[in-house]
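Visitor: Here is how the chains run, residue by residue.
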Amino acid sequence: MDATEIGLWGVPLAMLGGAIRVSTPFIFVSLGEAITERSGRINLGLEGTLVFGAMTAYAVAVMTGSPWLGLLAAAAAGLCFGLFHGWICKFRGVNDIAIGIALMLFGSGLAFFFGKPFIQPSAPDLPAIPFGGWSDVPQVQAALSVNVLFLIGAALAVFLWWAFRNTRAGLILRVVGDSSDAARAMGLNPNTVRLLATGLGGALAGIGGAYLSLYYPGSWTEGISSGQGLMAVALVIFARWNPLGCFAAALLFGGAGALGPALQSVGVTQGYYLFYAAPYILTLVIMIATSSPSRSLAGAPGELSITK
Amino acid sequence: MSDRGKKALGVETIGMSMRFGAFTALDDVSIKVPAGSFHALLGENGAGKSTLVKCIMGFYHPTAGDILIDGREVGIASPKDASALGLGMVYQHFALVPSLTGAENLVISREKVPGIIDWRNERAALAQFMERMPFKLPLDVKVAELAAGEKQKLEIIKQLYLGRSFLVLDEPTSVLTPGEAQEVLGLVRSMTKAGDLTVLMISHKFHEVTAFADDITVLRKGRLTGTGKVSELSHKQMAAMMIGDQPIAALDSRAPVPVGARQILTVKALKAPDRTGLRTIDIGELDVKSGEIVGVAGISGNGQKEFLEVLAGQRTRDAGDVLVKGSPYGASRAEARTLNVRFIPEEPLRNACAPRMTVAENMAFRTFDLNEAGKPISWIRMSAIRDYATRLVEQFKVKTASLASPIASLSGGNVQRAVLARELTGEVDLLIVSNPCFGLDFSAVAEIRARIMKARNAGAAVLLMSEDLDELLELSDRIFVMSDGALVYETPIAQASVQTIGEHMAGHH
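Sequences listed follow chains A and B, in order. Numbers 1 to 308, taken from my numbering, label the letters of the first sequence in order. Numbers 309 to 817, taken from my numbering, label the letters of the second sequence in order.
Hints may contain errors.
As the list claims (entries may be wrong) - Beta-carbon label-pair distances, calculated as ranges:
id, chain 1, residue 1, chain 2, residue 2, range
1, A, G299, B, L559, 55 to 63 Å
2, B, E453, A, I152, 33 to 41 Å
3, A, I152, B, R440, 45 to 53 Å
4, B, F328, A, F112, 30 to 38 Å
What the hints contain is simulated information worked out from the structure, not anything from laboratory work. Every residue, glycine too, gets a C-beta built ideally from N, C-alpha and C.
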């Protein structure tokens, strides 16, 4: 068989590869948001954190030549954003959603401001592991070239799923997210727990940003995120705050996002633009299908402001 | 931990005072709860019961006074200190985490929890601990799925698991069926008798106090007004200590329901989803005649709230009919107006008021767009609204600083009076009421019940839902029991027995 002529098989293959490639930032942002929301707070600012993380990672990688230092810097920047959000929200009368929107705009704006000089230069990429070496087909090799961050994200999802039930930290997080009163009666300070959870969530979103600029698409532009941070927040609700669900949902979104380019690559010339909208349509469909006017979400943390 | 705390503790306060600014919440209160006794703390809302308890538990730092444990003076600066000394509290509103299982709740509330929890070991240890407990509980079920009685038991078990041997119970039976209340208090009583536990119970219910407590202390307006052995006191004496000499509204005597009274409310084959959307509530048939009060009993969470929301138009129904005086009723403003339907929901500040709007505006919600003749008007006259409110405030004795204060600034009893004034003024053919006296004090309760009875005697059909069985027995002509979303039992008041109603509430039939 001619290696380059795999015909329509290219579509599912490209979608698989796309799912793995595109889903990684979703995985990190949604896992971060899952931690934050499980603590009873919602951080919409992760979109801004994602963009700022992408810029920071790229800039640091350009300057130091090391993508790993870039990744660390992005995580640190995300941590700062998260801690800032968590710190502001501890004050009375502050609405976490409003602060989230403000931080979303602030993060993006700051990233554009500092990122201007880094649009031109190129930074070293994060490494990928070629799992497709057994095949001669370039499309298979392309699809199975998996970035280490994807693997870390997958492991993290499993770890968080386990940790929510089997560690002290996990149980404390769930206690705080479900009932501030119970937490206080236990001598826990909900604000401290939420501060840490929001910080951690921000750090993970920063890592998601680093993946964007240092691997796929692999360069720093102002439109790099196109709302992925926001979609990840929606995805957490769809996944019912379950880390494994977040991982699966991220793959689904990634696959949907790869549909347009995949169709284009096999020569579909008409209407493929419509398929570029697949992730957004999927978001809408999922939100409509899983909501109901007469019942509240099962499994939602009790302290979350959107479900109260 | 589970091994220590075999022995009950005796607790004493001496000259306890607590001031918040100029307000004295607690004034020189000394109480003595000997080890192994069951002590009841009585008093009206705002009498200082919870302030006293919070001082003992370290939530408040008293302005003056000392705490003695087993005769020795101790300093309690925080709830942590209190628990280290073996003092524990079971709150009125459960302090359990709903989405965690019983086992998770127990383990995480422990002082020292390992970083990684070895569930196999913990389960074994818990099973061993539960064997020594007087009651059995499923620990692997999410707390949200437990019945109220089970939650209350789990709260008590949690305190024992944490090694507490002095327990404060804050109105522990307010959400339990009579049967569950008997069971839980009986078990606690047996533990105090065995000398394992000392209990200080905050309560409103005299019959519980008489049945289970050894001694009582009564507070009124922050002062100690009485103390003594339960065996030497009558309910009347206790009530006198609690409320002093303020007048209590008397209940009108019940006019007999006229034969052939007109049927006002008819509910037929009503189906609606409940809050989770997983179950449906299903009301087969319910009718309320003019001049009678039909009570609906049930433990909260059995669909009463949803039923009420359907009647109030807050929840859509899947099937069935609601008829008022024979015409279909969809709870629109126009229908409520023409059919004279009035509504007093529970938590009136949330469900029947706009909290930040003024008292006058809130009282005018039913009538602000009508003129004296009941015809719609196009310009709203504030002066008319004020006059109307002035009249009602006087008539219903609503205590408010001014008509222009936001209604949220009123006390619970006065919010309820204001809502009652609005709903009971004018012609009332159907009155739907839910938990009207929840959280109100003695005199407000008596007055509100008297108003409802008066409305009934004036010919209104009243549907009364309440979690307080005593209230239902006092007011109703017929009682239905709602369990698991359906009406499972009906009895005329003459044949009503607490025992049977309680069994149906618990779903044991």
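Visitor: Decide, hint by hint, whether the structure agrees.
Guide: Quick rundown of the hints versus the structure:
For G299/A and L559/B, the Cβ-Cβ distance of about 47 Å falls outside the hinted range of 55 to 63 Å, so the restraint is violated. A hinted range of 33 to 41 Å holds for the C-beta pair E453/B and I152/A, which are about 36 Å apart. Between I152/A and R440/B the Cβ separation comes to about 46 Å, which falls inside the hinted range of 45 to 53 Å. The hint said 30 to 38 Å for the Cβ distance between F328/B and F112/A, and at roughly 51 Å that hint is violated.
Violated hints for the displayed structure, listed by number in ascending order: 1, 4.
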